[in-house]
Amino acid sequence: MITKRIIPCLDVRDGRVVKGVNFEGLNDVSSPVTLAEYYSAIGADELVFYDITASSDGRRLFTDILRETARNVFIPLTVGGGINSLDDFERVLSCGADKVSVNSGAIADPSVVGRAARRYGSQCVVLSADVKRVNGRFTLFAKGGRVDTGIDAIEWITSCVRDGAGEVVVNSIDTDGVREGFDLPLLAAVCDAVEVPVIASGGAGSAEDFLRLFRALPKVDAGLAASIFHFGEVRIPELKRYLLEEGVNVRI
Amino acid sequence: MTAIVDYGVGNLFSLAASFRKIGVETVVTGSREELERADKIVLPGVGAFGDAAEKLKSSGLDRVVVGEARKGKPLLGICLGMQLLFEEGLEFGVHRGLGLLRGSVVPMREILPPQLKIPQIGWNRLIFKKESPLFRYTEDGAFVYFVHSYYASRCEDSLLAVTEYGAEITAAVGSGCVFGCQFHPEKSGEVGLAILRGFSEL
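Listed in order, the protein sequences are those of chains X and U.
Oh and the first sequence: position 164 is 164 in the working numbering, straight run, nothing missing.
Oh and the second sequence: position 168 is 168 in the working numbering, straight run, nothing missing.
Hints are not guaranteed to be accurate.
To be verified - A partial selection of chain U residues facing chain X, derived with a Cβ cut-off under 8 angstroms: (1) Asn11; (2) Phe13; (3) Ser14; (4) Pro119; (5) Trp123; (6) Phe143; (7) Glu164; (8) Tyr165; (9) Gly192; (10) Leu193; (11) Arg197.
Said to hold, decoys possible - Derived DMTMM-like pairs (lysine to aspartate or glutamate); straight-line CA-CA distance at most 20 angstroms: (12) U:Lys57 to U:Asp6; (13) U:Lys55 to U:Asp39; (14) X:Lys219 to U:Glu164; (15) U:Lys117 to X:Asp192; (16) U:Lys21 to X:Glu68.
If you're looking for bench data, these hints aren't it; they were derived computationally from the structure.
Every residue, glycine too, gets a C-beta built ideally from N, C-alpha and C.
Using the sequences provided together with the hints, build the complete structure.
Pasting the structure below:
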C-alpha cells in the first residue's frame, strides 16, 4: 500500500538554506545541494525547495542550484516561491523540478492554476496555502503570511483543486514555528473538502507530532517540516522507524 | 548510446541525469537517425494517452520506435511511455497505442475502493510476478515512486511486477526486448537507478 511521505522543506535565499520561525528571523543552515543529497540518502520521500529570493540575481542563483540538485538527487523535487506565471513554471521545470508549488501567484491570478494544469498536467501543480484563523474562520494569507486576503481558505483550496491543482500543501500560520504539533482541525477541514493528496505543514516539533497527524487524519498523505530536520532535532530515519513501529506505513 | 525519445511530452531533465549518474551516455532526441543509431531506446511521457499517442504519431517516431523494437533493440517505456506500448488507451476516448504489448490502459477508478485517492501519488512496493533482467539489482518489495490515474490491464504474459493499491496494479511489464515501468525509476532513488542499470545492461 502507498506510504505516508516525510518531506523536508528547504527555504533558499541567495543560494543558502534558511528557515524562518513564524516566517521571521531567518538564520543560515547549509548548502541546498548538500542538504538535498543528505536528505535523499537518509530516506526523505520528497523535497521541497522554496525560493525566498527577491532579486533577479538571486533567482538565477536559485535555478543554478536547482539544476545542480536535480543532477544528483533522484527523488521528487517540488519547487515554490516566486511562481506567478507559466513562464515561472517553465523556468523551474526546465531545471529539473518535478512539481511546482504556487501560492501568492495564484491569489494574484487564479487562472494560473488551471492554465498550468492544462499545460503540464495536474500532477505537476501543487497549491500551497498559508492559512490563519481570523475571528474563528480559516482565512487565506498571501505574501509569505503577511497579507490577510479575507478569502475563506477552505473555499479557496476547493476551487483551486477544481481548477486542476493535483496536491495541496496546507501551512498553518497559527501553528508554524510553535512546535506543538500540526494544525489538526484545519487539516481535517481540508481533507473533508478535497480528494487530492494533502500535505500537512507547520507545527511539527517531535516525532510524536507526525504520529498524531497520521493517526488522527488518515487522509493526510504527507508531513512537511524544515527546522526540526535541519537542526537534527528530529532525524528522518528514526522518525520513520518510530512511525513504522507504531503502525504507520512508511518507506524504509 | 541510449536514446531518450523527445516528442514534446514531459520533462526529460531528470531522466537524462539519472542515466548519467549510472554512467550511461544518453541523447535526448526526436531524430529518426539517432534513434536508429542508438543501442537502446527509452520512451518517456506524462500527460494524457491520446495527446501523447497523437504527438508520437504526427512526429513519425511511432513507426521508428516500433520498427527498432521489432528488430530487437531494447526499449523501455516509462509512466505514460509504458502505457503507450499497449494496444489501446481508454483515457478521454479510445486511442490506439503502439501495440508492442497486448493489453489496454484503463482508469484505476473502475477497480479501486472509493476511499482511495486517484491519482496514486507516492512510494509503493514492487511485488514481482516474474523474473526479469530489469530487476537484476532489485529486491522484491522495494519501494518505487508512482504518479498515475490509469493502469495497464490484461497484460497477460508481459506482467513482471504489480503494486498493491486497493487492487493489484500493473507496475512493470516486459516481453522480449520491450519493457515498461508505470513508476518513475528516475524519481525512485537508488532502487530506480538500479532498475535503469538493469535495463542498461541488457
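A quick look at each hint next to the structure:
1. Asn11: Given a least distance of 5 angstroms, the restraint on Asn11 (chain U) holds.
2. Phe13: 4 angstroms, holds
3. Ser14: 6 angstroms, holds
4. Pro119: At about 6 angstroms, which falls below the 8 angstroms cut-off, the nearest Cβ of chain X leaves the hint on Pro119 (chain U) intact, so it holds.
5. Trp123: This hint holds: Trp123 (chain U) lies near chain X, its Cβ roughly 4 angstroms from the closest one there, short of 8 angstroms.
6. Phe143: With Cβ-Cβ at 4 angstroms, under 8 angstroms, it holds.
7. Glu164: At about 6 angstroms, which falls below the 8 angstroms cut-off, the nearest Cβ of chain X leaves the hint on Glu164 (chain U) intact, so it holds.
8. Tyr165: 6 angstroms, holds
9. Gly192: 6 angstroms, holds
10. Leu193: 6 angstroms, holds
11. Arg197: 12 angstroms, violated
12. U:Lys57 to U:Asp6: Holds, because 13 angstroms separates the two Cα atoms, which is no more than 20 angstroms.
13. U:Lys55 to U:Asp39: 23 angstroms, violated
14. X:Lys219 to U:Glu164: Given that 20 angstroms is the threshold and the Cα spacing comes to 18 angstroms, the pair holds.
15. U:Lys117 to X:Asp192: With Cα atoms ~13 angstroms apart, Lys117 (chain U) and Asp192 (chain X) stay inside 20 angstroms; holds.
16. U:Lys21 to X:Glu68: OK: Lys21 (chain U) and Glu68 (chain X) at ~12 angstroms, within 20 angstroms.
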